[in-house]
Every structure is written in C-alpha cells, then in structure tokens.
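Trainee: Here is how the chains run, residue by residue.
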Amino acid sequence: MFAVLIALAEIGTQSGFISPLSFPKPSDVLVTFGELYDSGRLWRHLGPSLTRLLIGSVIGVSTGVALGVLIGLFAYVRAGFVPLVAALFPIPKIALLPLFVIWFGIDEGSKYALIALGTFTPTVVATYGAVDNVDRTLIRMGQSFGLSWQSIVRKIVLPGAMPGILSGLRISLAIGIILLVAAEMLGAEYGVGAYILEAGSLYDLERLFAGVVILSVLGVLVSFAIGLLERRVLRWRI
Amino acid sequence: MEIRLSGITHVYNGAEVLSDITLDVPSGRIVCIVGPSGCGKSTLLRLIGGLERPTQGEILQMGASPPGCLNPLTYIFQDFALLPWRTVAGNISLVLEDHGLGKAEMNAIAENVLARTKLSDFRNALPKQLSGGMKQRVAIARALAVNPAVMLMDEPLSSLDAQTRELLVDDLIDLWTRTPFTAVYVTHNLAEAVRLGHSVVVLSRRPGWIREIVHLDKPLGDRHLGDPELDRQQQHLWSLMRDEARAADAELAHV
Ligand SMILES: Nc1ncnc2c1ncn2[C@@H]1O[C@H](COP(=O)(O)OP(=O)(O)OP(=O)(O)O)[C@@H](O)[C@H]1O
Ligand SMILES: [Mg+2]
Chain Y
1 MFAVLIALAE IGTQSGFISP LSFPKPSDVL VTFGELYDSG RLWRHLGPSL
51 TRLLIGSVIG VSTGVALGVL IGLFAYVRAG FVPLVAALFP IPKIALLPLF
101 VIWFGIDEGS KYALIALGTF TPTVVATYGA VDNVDRTLIR MGQSFGLSWQ
151 SIVRKIVLPG AMPGILSGLR ISLAIGIILL VAAEMLGAEY GVGAYILEAG
201 SLYDLERLFA GVVILSVLGV LVSFAIGLLE RRVLRWRI
Chain P
1 MEIRLSGITH VYNGAEVLSD ITLDVPSGRI VCIVGPSGCG KSTLLRLIGG
51 LERPTQGEIL QMGASPPGCL NPLTYIFQDF ALLPWRTVAG NISLVLEDHG
101 LGKAEMNAIA ENVLARTKLS DFRNALPKQL SGGMKQRVAI ARALAVNPAV
151 MLMDEPLSSL DAQTRELLVD DLIDLWTRTP FTAVYVTHNL AEAVRLGHSV
201 VVLSRRPGWI REIVHLDKPL GDRHLGDPEL DRQQQHLWSL MRDEARAADA
251 ELAHV
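Quick note, the sequences are listed as chains Y and P, same order.
Using the numbering used here, the first residue of the first sequence is number 1, and each one after it goes up by one.
Using the numbering used here, the first residue of the second sequence is number 1, and each one after it goes up by one.
Derived from the structure by calculation, the hints contain no laboratory data.
Every residue gets a Cβ at the ideal spot worked out from N, C-alpha and C, and that includes glycine.
Keep in mind that the hints are not guaranteed to be accurate.
[Stated by the list, open to error] Mimicking DMTMM-like on lysine to aspartate or glutamate, the simulated pairs with C-alpha atoms at most 20 angstroms apart in a straight line are:
(1) Lys128/P - Asp135/Y
(2) Lys118/P - Asp170/P
(3) Lys128/P - Glu230/Y
(4) Lys25/Y - Asp204/Y
(5) Lys128/P - Asp161/P
(6) Lys118/P - Asp174/P
[To be verified] Among the chain P residues that face chain Y by a calculated CB cut under 7 angstroms, a handful are:
(7) Pro54
(8) Glu58
(9) Cys69
(10) Asn71
(11) Tyr75
(12) Ala81
(13) Asp98
(14) Leu126
(15) Leu130
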C-alpha cells in the first residue's frame, strides 16, 4: 500500500502532472534524507526527540498505570480521581504548554511534563477499565489462599489487566508523538518538530517531507515494538 | 483440626438465611452439605472459612493445624479459578510463593501434589490446554499444596459433565484413602454426597436449618457405583429433600 502510493507520487511528479511546488518528488525526499543522515544532523534532531518521548512517556505511563490500578481496586480512590481524570482528558494538552513553561522552564522540563500529562490520562483510563475487567473470582481465590496484597496486585491484577493496558499504551504513545512534535514546534532548537517547522517556514518541501517520514517511521516502530511486547507478555492468550 | 459450629444463625438485610446450625466437622472426615437452592449452603461455607461473621453463634476451630500447613481453611471453587497466564506448575507455586519457602522445597511440594493428582505430565501446560476435569484437578492439587486443615468445597464438580464428575469422585476417594483430609463438601448431587460423605447434612429450604444428619459408615474405598446400600441412602436423602426442593422452587417462582 505504501509502495503504491509512493510510486504514484513519483510517477506524477516525474511526468510533471503534479507540480513540484505542491508535492516533492519522493526520490528528492530520499536524497534530502541521505544528506541529513550524512551530515549527522539526523541524530542531532532525532536524539533529543527520542529522549523527550522516552522520558515523558515513561513518567506518564508509569504513574498512569499506578493510579489506574488504584482506581480499579479502591472505591474511594475512584470517587476522588475519576472526575479529575475525566476533567483532564478532553483538554488539548498543547494549550497547557505556556503554563508548563512557567512551571518547569523553557527547556526540557516543560516538554517532559507535556508528554507525561498527555500519555498519563489515556493510560489511567485504559488501566482502570482493564482492572475492572479482571476476573473477580481470581482475586477472591488469591485472598482465600492468604496471598499478600502486593502479590495479588503483581501476580493477579496486573497480568490480568495487561491486555487492556497494552492496547491503551498504543494510543498513549501515539498521543505522545503528536505532543512531542507540537512542543518542539513551539520552542526548541533541535528536534524533529523544530526541523519540520524550520523547513516549513522556508517552504522547503523536500525537508518537510523528510521530517514527516521520520515521524511516520517512528510511529510504525513504536507500534511494532508494542506488538512484540504483546506477543511476549500475552503469549498465554493465543 | 476439627471444626465445631454451634447455634449459627445468619441474617442478610433482615432476611434470615441460616437458622441455628449446630454441626461438627471431625478431623479426617468429609462432611457433605445438601439442600435446595438458596438455602444458605454457600453462606455456611463462607462463615466456616471466616470470610463473614455469623450474626449469632460460634465457630470453633479445635486442635492444631497439621504440620506444614500454610493455609488452614482452603477453598476449592466451582469455576476452578486458575490463572490463565500461569502453567499448571505456576498455578501451584502461586500459593507457595508468599511463605518464604526455599525453591527446592516449593518444587518438592509441587511435584508431590502433581503426582498425587496424576498431573505430572502436564506441569508445563497452560489452563486453556486442559479439559474441565483436568482444570479442577489442578485446583485440587493447588489446594493440597498448602496442606490445609480443612478443605471447603462449594459444588466443585457441578460445572463438569457426568462422566468427568464420576472420574473426579473416584480421584477424590483415591486421594482421601491414601491421605485422609478434612473437608466440607457442598453439592446438589445426592449421588456424589453418598459416595464422598462420611456424613451428609440435609438443610431445609431458606432459612436453612438442619433437617437431618445422615451418617454413612461404609468406608469410602468400598463404595461403588450401584451399591444397593448407597442407593437406599440416596433415596432416603431425596425423600427428605423432595418436599423442601419443591417448596423452595415454588417460592422462587413467586419472587
Ligand atoms: N452477600 C449477600 N447479601 C445478601 N443476601 C445474600 C448474600 N449472599 C447470599 N444471600 C442470600 O442468601 C440466601 C442463601 O444464599 P447461598 O448462596 O448461601 O445459597 P446456596 O444454598 O449456596 O444456593 P445455591 O444452591 O443456589 O448455590 C440466598 O437467598 C441469597 O439470595
Ligand atoms: Mg451456592
């Protein structure tokens, strides 16, 4: 499917049917990408982006899973936090960036916070839904055998909720990538978002598309990695 | 360990469920409990297991637990309650892991109970690969692993088909004959009750009180399918229960 679309674009631009001003030649994008790689600028942009995505989403996902489990298990935590999460969920997180810049500084801190918050809310919702769906008889079994509270969470609740948590992770990380680019466009020297913004402001379509391709590849890689993780962790379901 | 219930009465939101139950569960014996639907059998089991406190009356545990007992009162569930992500051996080690046993000791216990339930060849299978009867055998192995003082079994075979049920009754008799265990066994199936019970407690419809306790003296190992003596006992139990069951049914229809 990808290949067909790219081939069509290439034929269209080669034959002059599509104006080079509106759409770059895929082969030119590839050349630009090669230059980017050779000059070492690829890593100068991609490196910080990956770090931001990694740190931000690790913070957001781990706190999200923790709160989601607590909401799923304790009625009073649910009563307190579900309205809060419901209030946070629909806020376009990017609108909060100026606030985060004031709180956490113009540098990395605000970007981590933005990505963390963006991945946090969908993770919480996915996790407590998944915990709700864990078979209660299994939990009662654990209690009747006198397992400790930690054992019940670690060995019964978390594995039982894992399918739901992982499908939530796909959504969270996609949101994380979107927020990453948005944050980098609003204020960063390096990063894929900054690169795309710079290219866009110069109407350098080849570089803009090279940046977009990097993002798609990143998205595909993330989804592939989650797929691998699912196959490893959820082998018992097949 | 022996369990003695005296004068147990239990009330749920103003509705009496159990009424003045006095009952002994002697050590090394299987006590079956039969009665019409909704008469409070599961409730009685929960009270014995300490999951709930009776409204009135006392439940005494007398005598020490057997040596190496990790969980004195252990349930066997009707729906097996196996973790689907753990293998047979993993499901058994689950209940041993919290007790600070060494790895070698845990393995020895697991191997022992797997051998007793004839599951040694399936130790690495996942639950979804097993039939219902095998799953219940895993659950029984898991219960045996903690060497319980009393096993509390709530209709453990009622989700299985008739043949599998027969096989498992034989397995339970076998297990008991080799190493007697103490159990309270709730069932709807009177044939099961007369094959497994040293005594059979017949409860009335709700609120459940004890209609009669039938003692069966024939050793478990000598009770075979179609034994006229057992058939007679089963007939007797049914005659006790028939009217209760019919009345209970009619009551439910009115709700
Ligand atoms: N937690 C509870 N709160 C209120 N009522 C309950 C509760 N648990 C059981 N009951 C009621 O107590 C009665 C006895 O229930 P129980 O489950 O002990 O019956 P049972 O003999 O095990 O029935 P069955 O043969 O259908 O398994 C039922 O009428 C039930 O509706
Ligand atoms: Mg019941």
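Trainee: Next, verify each hint and record whether it holds.
Mentor: Structure-based check of all given hints:
Restraint check for lysine 128/P and aspartate 135/Y: satisfied, since their Cα atoms lie roughly 15 angstroms apart, inside the 20 angstroms limit. Of the supplied pair hints, the one linking lysine 118/P and aspartate 170/P holds, its CA atoms being roughly 13 angstroms apart against a limit of 20 angstroms. For the hint linking lysine 128/P to glutamate 230/Y, the alpha-carbon distance of about 18 angstroms falls within 20 angstroms, and the restraint holds. A distance of roughly 12 angstroms separates the Cα atoms of lysine 25/Y and aspartate 204/Y; the hinted pair therefore holds under the 20 angstroms criterion.
Distance hint between lysine 128/P and aspartate 161/P is fulfilled; the C-alpha atoms sit about 17 angstroms from each other, no more than 20 angstroms. For the given pair, lysine 118/P sits about 11 angstroms from aspartate 174/P by alpha-carbon distance, which is consistent with the 20 angstroms threshold. For proline 54/P, the interface hint is violated, the least distance from its beta-carbon to any beta-carbon of chain Y being 18 angstroms, above 7 angstroms. Given the 7 angstroms rule on beta carbons, the hint for glutamate 58/P is violated: about 22 angstroms separates it from the nearest Cβ of chain Y.
Here the hint on cysteine 69/P is broken, as its CB sits about 11 angstroms from the closest CB of chain Y, past 7 angstroms. Using the Cβ-Cβ criterion of 7 angstroms, the hint placing asparagine 71/P at the interface with chain Y is satisfied: the shortest such distance is roughly 5 angstroms. Evaluation of the tyrosine 75/P hint against chain Y yields a held restraint, the C-beta minimum of about 5 angstroms falling below 7 angstroms. Contact between alanine 81/P and chain Y, as hinted, is supported at the beta carbon level, the nearest pair being about 4 angstroms apart and thus within 7 angstroms.
The beta carbon of aspartate 98/P is positioned within 7 angstroms of a beta carbon in chain Y (closest approach about 5 angstroms), and the interface hint is therefore held. A least Cβ separation of about 6 angstroms between leucine 126/P and chain Y falls short of the 7 angstroms threshold, and the interface hint therefore holds. Given hint, leucine 130/P at the interface with chain Y, is violated; its Cβ is 13 angstroms from that chain's nearest Cβ, farther than 7 angstroms.
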